[in-house]
Amino acid sequence: MTLSVAIAHGFPGFALDVVFDAPRGVTALFGRSGSGKTTVVNAVAGLLMPDRGQITAGGAVLFDRAAGVALPPHRRRLGYVFQDARLFPHLTVRQNLTYGRWFAPKGGVSLEAVVEMLGIGALLERYPVALSGGEKQRVAIGRALLSNPRLLLMDEPLAALDEARKAEILPWLERLRDGTDIPILYVSHAMAEVARLATTLVVMEGGRIRAAGPVAEVLADPGLAPVLGLREAGSILPARVAAHDADGLTRLETAAGSVWLPQVAAAVGSVVRIRIAAQDVILSRARPEGLSALNVLPATVAAVRMGDGPGALVRLSVGGDPLLVRITRRSAVALDLRDGVEVFAIVKSVSVAQADIGVM
Amino acid sequence: MTDWLSPTEWQAVALSLRVAFWATVISLPLGIWVAWLLARKEFPGKQVLNGLVHLPLILPPVVTGYLLLLTFGRRGYVGQYLDQWFGIVLAFRWTGAVLAAAVMAFPLMVRAIRLAFEAVDPKLEQAAGTLGASPVWVFATVTLPLILPGVLAGAVLAFAKAMGEFGATITFVSNIPGETQTLPSAIYAFLQVPGGDGQAFRLVIVSIAVAMGALIASEWIGRRVARRIGGLG
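If you read the protein sequences in the order shown, they are chains A and B. If you're matching positions, the first sequence starts at 1 in this note's numbering and goes up one per residue. If you're matching positions, the second sequence starts at 1001 in this note's numbering and goes up one per residue.
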């Protein structure tokens, strides 16, 4: 099932005009506040009526201005997970979870499966007032799932939580992404979440779509880094967990060779995605000797983009996978970096934090 | 209790309970609807409706009673048609006492329920909508349970007010023993007769007992509901 959005809407002083598809997996809608993300989600949910365009989910037409179709929110069958969990205070967790079942067509996931997937079995008979913020959000996700939705809408579901709670929920969201066929439209302005969760990335700026595509491709685009935020810029590299060494390092196999990172919380054999910040990578024309950094990957320069300031962004191909590197313009010139040049990318093991590693 | 109260006194107590009960029950659905309109809707004439609802609270009760007589009396603007078409007569009947008590208690009921509506987060109702609940279902399964403490408070307040209503009742339906002589009317009547203090005092005790009982019951129910929904009542 795919969500297709093609809408235009005018506000005083702001115009929205977007066309994109959200296939199976997590489609992250990323952009600064004021870029129009929430307007898009509200239009999909039926809380806002766009001036033009149409919205379809699978075969179902949710909105078609020309044909005069505009389903009310309660007939769109979208599971909406809000920033604030919005659990019903007068119902137990179990009653909250099954609320949407009264109205949904039969089928979809079972209560048992959702409870198991989100680890909320011990909470079922409690009232929301007795739950922590993270627990509430997990119940809210389960409640949305159990309404047998055509797709899930998540509007900054982690924004109201502290870092510890975010870290607690992210693995559940990964399980959700990998455990269902329902497309998830995930609105966020936090790059770390997007890099971990998204399969497709849609970057919005000023009411328009600046870029859209598979997350690894979009993140490694040097031209987009200024939009995504230079400090946040970075790419994701897929890798397989090969071994947990006795000294606390984990060996991972990437397409271009081995990488050692501090204790990765994943079983040997599992595939993970590592987010590597562009500013944490060093480039060298020759294979470095006598270096403390453990990770040296042979790579080819795929694109160089000189910034307006002292910086430059380089997109590498590391065994076929894209890697984004941020260096100074001076270095880019000194190393004579051009398309096709062979280099070595050096990444310090400790520069990759636990939160930067997600399930693929 | 029947030994302790004379038949006339007992009649007044029973009639008052009956009048207050029906006044509360009949006005409750309308009260919820009007409170919802005032809390949630914007429409032309909202201030007029608000004023009309609250008028009985500010007007002298005797004025409200007289207006009821003008409107619902046998020759009243509405009353004559009620009589001709349906054979319903309200003036000088216990049903008229119900109407008078309901009108007088209505502002208190609406106020309590309106506050409860305003305390409900519309975001919860929106969430229920995205889960597939139509507006009617949202109201029945989310809004109504959340305003329940307010509805109970409003109902008890209205009941107590209806029990004690005097001015509008005596003006509209007079003070006929067995038909329209409610508790306050009976107390008033006994006080007009030499040596009636004793009877009046017994009825005063009954009034206090009923009022206290209603208040304690509403507190108890309210607290139970509030505990269930985590102090959000």
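Quick caveat, the hints were computed from the structure, so don't treat them as lab data. Treat each hint with caution, since some may be false.
[Unchecked claim] Keeping only pairs whose Cα atoms sit at most 35 angstroms apart, straight-line, the calculated DSBU-like set for lysine-lysine is:
1) B/Lys-1046 with B/Lys-1123
2) B/Lys-1046 with A/Lys-106
3) A/Lys-166 with A/Lys-106
4) B/Lys-1123 with A/Lys-166
5) B/Lys-1041 with B/Lys-1123
6) A/Lys-166 with A/Lys-348
[Said to hold, decoys possible] Cβ pair distances, simulated, as ranges:
7) B/Lys-1123 with A/Val-350: 38 to 46 angstroms
8) B/Val-1136 with A/Gln-263: 25 to 33 angstroms
9) A/Ala-164 with B/Lys-1123: 43 to 51 angstroms
10) A/Val-19 with B/Val-1048: 45 to 53 angstroms
11) A/Ser-110 with B/Phe-1043: 44 to 52 angstroms
All figures in this text were calculated on a predicted structure; none of them were measured in a lab. Every residue gets a Cβ at the ideal spot worked out from N, C-alpha and C, and that includes glycine.
Right, here's what the structure says about each hint:
A C-alpha spacing of about 24 angstroms is found between B/Lys-1046 and B/Lys-1123, which places the hinted pair at or below 35 angstroms, so the restraint holds. This hinted pair does not check out: B/Lys-1046 and A/Lys-106 have alpha carbons roughly 43 angstroms apart, beyond 35 angstroms. Distance restraint check for A/Lys-166 and A/Lys-106: the Cα-Cα separation of roughly 33 angstroms lies within the 35 angstroms cut-off, and the hinted pair is therefore satisfied. Note on B/Lys-1123 and A/Lys-166: the hinted pairing holds, with a Cα-Cα distance of about 23 angstroms set against a maximum of 35 angstroms.
Distance restraint check for B/Lys-1041 and B/Lys-1123: the Cα-Cα separation of roughly 16 angstroms lies within the 35 angstroms cut-off, and the hinted pair is therefore satisfied. Among the hinted pairs, A/Lys-166 with A/Lys-348 is consistent with the structure: their alpha-carbon atoms are about 25 angstroms apart, no more than 35 angstroms. Judged by the Cβ atoms, the range 38 to 46 angstroms given for B/Lys-1123 and A/Val-350 holds: they are separated by roughly 43 angstroms. The hinted window of 25 to 33 angstroms between B/Val-1136 and A/Gln-263 is violated, with their beta carbons roughly 55 angstroms apart.
A beta carbon spacing of about 25 angstroms between A/Ala-164 and B/Lys-1123 contradicts the range 43 to 51 angstroms that was offered as a hint. Restraint check, A/Val-19 to B/Val-1048: a C-beta distance of roughly 49 angstroms satisfies the suggested window 45 to 53 angstroms. A beta carbon spacing of about 45 angstroms between A/Ser-110 and B/Phe-1043 agrees with the range 44 to 52 angstroms that was offered as a hint.
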